[in-house]
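Whenever a hint applies, use it, and build me the whole structure from the sequences.
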Amino acid sequence: KAGVTQTPRYLIKTRGQQVTLSCSPISGHRSVSWYQQTPGQGLQFLFEYFSETQRNKGNFPGRFSGRQFSNSRSEMNVSTLELGDSALYLCASSLWATNSPLHFGNGTRLTVT
Amino acid sequence: KNEVEQSPQNLTAQEGEFITINCSYSVGISALHWLQQHPGGGIVSLFMLSSGKKKHGRLIATINIQEKHSSLHITASHPRDSAVYICAVRGVTSNTGKLIFGQGTTLQVKP
Numbered sequence: 018k019a020g021v022t023q024t025p026r027y028l029i030k031t032r033g034q035q036v037t038l039s040c041s042p043i044s045g046h047r048s049v050s051w052y053q054q055t056p057g058q059g060l061q062f063l064f065e066y067f068s069e070t071q072r073n074k075g076n077f078p079g080r081f082s083g084r085q086f087s088n089s090r091s092e093m094n095v096s097t098l099e100l101g102d103s104a105l106y107l108c109a110s111s112l113w114a115t116n117s118p119l120h121f122g123n124g125t126r127l128t129v130t
Numbered sequence: 180k181n182e183v184e185q186s187p188q189n190l191t192a193q194e195g196e197f198i199t200i201n202c203s204y205s206v207g208i209s210a211l212h213w214l215q216q217h218p219g220g221g222i223v224s225l226f227m228l229s230s231g232k233k234k235h236g237r238l239i240a241t242i243n244i245q246e247k248h249s250s251l252h253i254t255a256s257h258p259r260d261s262a263v264y265i266c267a268v269r270g271v272t273s274n275t276g277k278l279i280f281g282q283g284t285t286l287q288v289k290p
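Which chain is which? The protein sequence lines are A and B, in order.
Going by my numbering, the first sequence opens with residue 18, and the numbers climb by one from there.
Going by my numbering, the second sequence opens with residue 180, and the numbers climb by one from there.
Worth double-checking, as some hints may not be accurate.
To be verified - Taking lysine to any residue pairs in the SDA-like style, the calculated list, with each CA pair at most 20 angstroms apart, reads:
1. 30(A) with 97(A)
2. 232(B) with 245(B)
3. 74(A) with 36(A)
4. 74(A) with 181(B)
5. 232(B) with 117(A)
6. 74(A) with 115(A)
7. 277(B) with 25(A)
8. 74(A) with 271(B)
9. 277(B) with 120(A)
10. 74(A) with 114(A)
11. 277(B) with 118(A)
12. 277(B) with 78(A)
13. 277(B) with 97(A)
14. 277(B) with 69(A)
15. 30(A) with 117(A)
16. 74(A) with 206(B)
17. 277(B) with 46(A)
18. 277(B) with 30(A)
Because the hints were derived from the structure by calculation, they are not lab data.
Values in this document were obtained by computation on a predicted structure and should not be read as measured data.
The structure is reproduced here in structure tokens:
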């Protein structure tokens, strides 16, 4: 089976712009979750989707949003980018919404200048 | 105080040594995950635990729900085990079901 695919791998944006990141889960997985990783804050949970419904949301401003499509693919969007949004954004897929092993993608490295 | 605390933060070992990384948490959980991240690499899920003990090769993970504590053990450590090990817990309800991460333990195994 193909693993979790995140696109693009690298992205450079300017402050004030918006960005959309994509995540394709492992075939058959219905849950997708998103995480931000920075050197200062470590890994932080952004949001989680199961069958197109957002189940949980982390403590991030409303500029961070996401959605999941009927084929389980997910996108996350960050509007009005700030320098502090520079981070590695990771998504993970799992079979079920809770208590299933997580399979991570390689991440999208976002740099905001 | 963080809801998930790992110790130690940094660990250096000689090849062949037995290694223990600890994770303590303060919230009720439905599951605990141990993750591995190599420098510049992606994250690999090592274990998901809700009780007891699991073993994969040289890795062993244990959890004590009453004491809110988990340990990750590496037997006969090898330089390729050098990585950051991260503990993450999932809350018990759908409203608290987000993953909460520890700060990670950076392990270096010297040949």
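Here's how the hints hold up against the structure:
With a C-alpha separation of about 10 angstroms, the suggested pair residue 30(A) and residue 97(A) falls inside the 20 angstroms cut-off, and the hint holds. For the given pair, residue 232(B) sits about 14 angstroms from residue 245(B) by alpha-carbon distance, which is consistent with the 20 angstroms threshold. Only pairs whose Cα atoms come within 20 angstroms are accepted, and residue 74(A) paired with residue 36(A) is accepted, the gap being roughly 19 angstroms. Using a Cα cut-off of 20 angstroms, the hinted pair residue 74(A) and residue 181(B) holds, with the two alpha carbons roughly 19 angstroms apart.
Using a Cα cut-off of 20 angstroms, the hinted pair residue 232(B) and residue 117(A) holds, with the two alpha carbons roughly 16 angstroms apart. Our distance criterion of 20 angstroms between C-alpha atoms is met by residue 74(A) and residue 115(A), whose separation comes to about 14 angstroms. Simply put, residue 277(B) and residue 25(A) have alpha-carbon atoms about 25 angstroms apart, too far for the 20 angstroms limit, and the pair is violated. For the given pair, residue 74(A) sits about 15 angstroms from residue 271(B) by alpha-carbon distance, which is consistent with the 20 angstroms threshold.
Distance hint between residue 277(B) and residue 120(A) is fulfilled; the C-alpha atoms sit about 16 angstroms from each other, no more than 20 angstroms. Proximity of residue 74(A) to residue 114(A) is assessed by CA-CA distance (about 13 angstroms); at most 20 angstroms being required, the pair is judged to hold. As the CA atoms of residue 277(B) and residue 118(A) are separated by approximately 14 angstroms, the hinted pair is consistent with the 20 angstroms bound. About 16 angstroms separates the Cα atoms of residue 277(B) and residue 78(A), which keeps this hinted pair within 20 angstroms; it holds.
For a cut-off of 20 angstroms, the pair hint linking residue 277(B) to residue 97(A) is broken: about 25 angstroms separates their Cα positions. For the suggested pair residue 277(B) and residue 69(A), the alpha carbons sit about 17 angstroms apart, so the restraint of at most 20 angstroms is met. For the suggested pair residue 30(A) and residue 117(A), the alpha carbons sit about 34 angstroms apart, so the restraint of at most 20 angstroms is broken. Simply put, residue 74(A) and residue 206(B) have alpha-carbon atoms about 17 angstroms apart, close enough for the 20 angstroms limit, and the pair holds.
Of the supplied pair hints, the one linking residue 277(B) and residue 46(A) holds, its CA atoms being roughly 18 angstroms apart against a limit of 20 angstroms. Restraint check for residue 277(B) and residue 30(A): not satisfied, since their Cα atoms lie roughly 29 angstroms apart, outside the 20 angstroms limit.
Comparing the model with each numbered hint stated earlier shows that hints 7, 13, 15 and 18 do not hold.
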